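These protein sequences, in sequence, are chains A and B.
Going by our numbering, the first residue of the first sequence is number 1, and it counts up by one from there.
Going by our numbering, the first residue of the second sequence is number 1, and it counts up by one from there.
Read the hints as simulated data drawn from the structure, not as lab findings.
Bear in mind that the values here come from a model prediction, so they are computed numbers and not experimental data.
Some hints could be false.
Which copy is meant is left open, so a pair is good if it fits within one copy or across any two.
What the hints assert, rightly or not - Pairs of lysine-lysine, DSS-like flavour, derived with a Cα cap of 25 angstroms:
1. 2 / 368
2. 262 / 80
3. 147 / 207
4. 88 / 287
5. 270 / 147
6. 312 / 7
7. 99 / 287
8. 143 / 270
2 protein chains.
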Amino acid sequence: MKISILKNVLNESIQHVSKAISSRTTIPILSGIKLDVTYSGVTLTASDTDISIQSFIPSEDEKHTIVQVERPGSVVLPAKFFVEIIKKLPSQEIHMEVKDQFQTFISAGATEIQMVGLDPDEFPVLPNIEGSQTISLPGDLLKNMIKQTVFSISTHETTPILTGVLWSLNNNELKFTATDRHRLATRSANIEGVEDISFNNVVIAGKTLNELSKIIPDQNTLVDIVVADNQVLFKIDRVLFYSRILDGIYPDTSRIIPTTHKTELVLDTKKLSESIDRAYLLSREEKTNIVLLQTMENGGIEISSSSSELGKVREELDLIEFKGDPLRISFNSKYMLDVLKVVESEQLMIAFMGVMSPIILKPLDDSKSQYIILPYRTAN
Amino acid sequence: MKISILKNVLNESIQHVSKAISSRTTIPILSGIKLDVTYSGVTLTASDTDISIQSFIPSEDEKHTIVQVERPGSVVLPAKFFVEIIKKLPSQEIHMEVKDQFQTFISAGATEIQMVGLDPDEFPVLPNIEGSQTISLPGDLLKNMIKQTVFSISTHETTPILTGVLWSLNNNELKFTATDRHRLATRSANIEGVEDISFNNVVIAGKTLNELSKIIPDQNTLVDIVVADNQVLFKIDRVLFYSRILDGIYPDTSRIIPTTHKTELVLDTKKLSESIDRAYLLSREEKTNIVLLQTMENGGIEISSSSSELGKVREELDLIEFKGDPLRISFNSKYMLDVLKVVESEQLMIAFMGVMSPIILKPLDDSKSQYIILPYRTAN
């Protein structure tokens, strides 16, 4: 392998694949980035067995030569050092040559680097899941659906399946569900041209989805998603992002979602968020995060929290709408704030069945998202 | 105590004094901020016994009423909660009233807060050190002198005196010295109107100086410094910053500074910094940070590092000047980078007495700073 390559393009690809590198791997080859060079370009691959990311750098784009290939070949280079040193090289043009025993020579300007390379044949082969069912989604929609659900996953490794987000696709509706047993978030979207595709138990680790979000560009890109038996592949421009599907059966959450309610409030999202935030500040010091919400006779609501050591916070808030019975309910304000942070609609509906029943939050827009928080059982 | 006060002004003062609050204090009263209200304004005080900060808010400035005082008085409020909740109040106008047993009522817009206050008489009294020797320094010069020395202090609590920066003032020259026994930084400045003042063993904790730096505004402010027996007071606008002087005698560092040298190099600071940085990246993986510098026959220098696991980095660098003997010397590249980060001059002189003698770095400007790094004793 012997090439010349542009620093900024190589660096961008490195940044993409490096999200799949675990710093705690016990398999030495996985602490490296694999480079495969053909006359058509350079492919970079990194993997931590849960996630694998591949990025392709073409030899030429519409305008420029990016890679000059003198001799094709492959090598695995130590990721951490490679990632950092390439960024800091003093010139745009980088020369790389692999010699005996994968010794790799990199030069740029007056800098010469000799890197201990590893045998590329030892690097795991990526799954071949082409030909399976494929759906296409605008990148910003996918990022939004992840952001609006992933915060509700469980962080406890005792229930591994709940550390993921459940994806289901039925009748053209793609739905994300996340729950940690204390709260639940769902977000749906209609997508086109998938009449003949359906799945119901595709669970993808939350941390994987967070990494995926970082790779999806902000401009409108279409993401192709290939769903196979135990792998999902996301295709974003020239990046391929492979993720394992979590083992196990996701619990049925349909029964915990109340279908009727006795009290219904419509509020200004921002004002509610600021009020809850102030009450949270105090409740946090008590380690409980308990905040009390109660309807008032004047048609508004009161939000309050208290701490024996520090004092009390009391907030009054106007309602845009109020239907049904008066109510007094306690809940974990951190969970409520997590929801309010990702809601984009200006108004929000909160519905209650009673003081012991789940609280439902629904943004008043067309985002088709719904949030559920279990209340606290408090004495008063 | 009963006042109305503008949120943004109160918040700014809180931000200043809160730098003196330790989250790990064992003295309950010190986890609070003291408010003293007179008709002329509000004084906020916080202290962790090492540092005390006081900020005064006048009732009126040139244009506006800032505080409306209905009833003077004092109270100590729980700092963490107070700091966070004031920032998040929904209106500019804040009402505060202290009632029985220091219960404090704060209201703003539709928010009401009740805070458990403490007895202000239990709060420690600040030292009275007015009338001692006073010097005045431009704020940006003081910040620069701190930045260019404080990184060389020791972080080991076994030699407490070395965790501070030594200040000395003789013949109108103020000098800062910091050393951790492996490296040394000094920075001097001439100041006017202090002919009759001198001191030689004023040692101020590095972390105190870092906090002080954060309070000094970027615009050119004059800082008045009052030096007493065991306290220093910094006056910055309406903020008073008190610091304890560290106990003990600072070691005599004059003897470790070489007075002659055999090799003298002049280099471009930025190019040297980038070269050392790349060599450091590799040396860091070996946990040693060892980088080798050697003069070359072509009149340049070579900078290199190596790691048995990862490989080698080799850099060539042109010299602006080269006087004296050829040389080959190893040193801790992290120490060199720390110096290069704070040097503002475009060119730098490096002088050597020999492979076992301290390395001297001197920026080629009028900043009167000097840095010393001890070399590594390596076999090759």
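Hints, one by one, checked against the model:
| no. | hint | in the structure |
| --- | --- | --- |
| 1 | 2 / 368 | neither (52 angstroms within a copy, 49 angstroms between copies) |
| 2 | 262 / 80 | neither (57 angstroms within a copy, 39 angstroms between copies) |
| 3 | 147 / 207 | within (12 angstroms within a copy, 39 angstroms between copies) |
| 4 | 88 / 287 | between (45 angstroms within a copy, 20 angstroms between copies) |
| 5 | 270 / 147 | within (18 angstroms within a copy, 42 angstroms between copies) |
| 6 | 312 / 7 | between (57 angstroms within a copy, 20 angstroms between copies) |
| 7 | 99 / 287 | neither (59 angstroms within a copy, 28 angstroms between copies) |
| 8 | 143 / 270 | within (22 angstroms within a copy, 40 angstroms between copies) |
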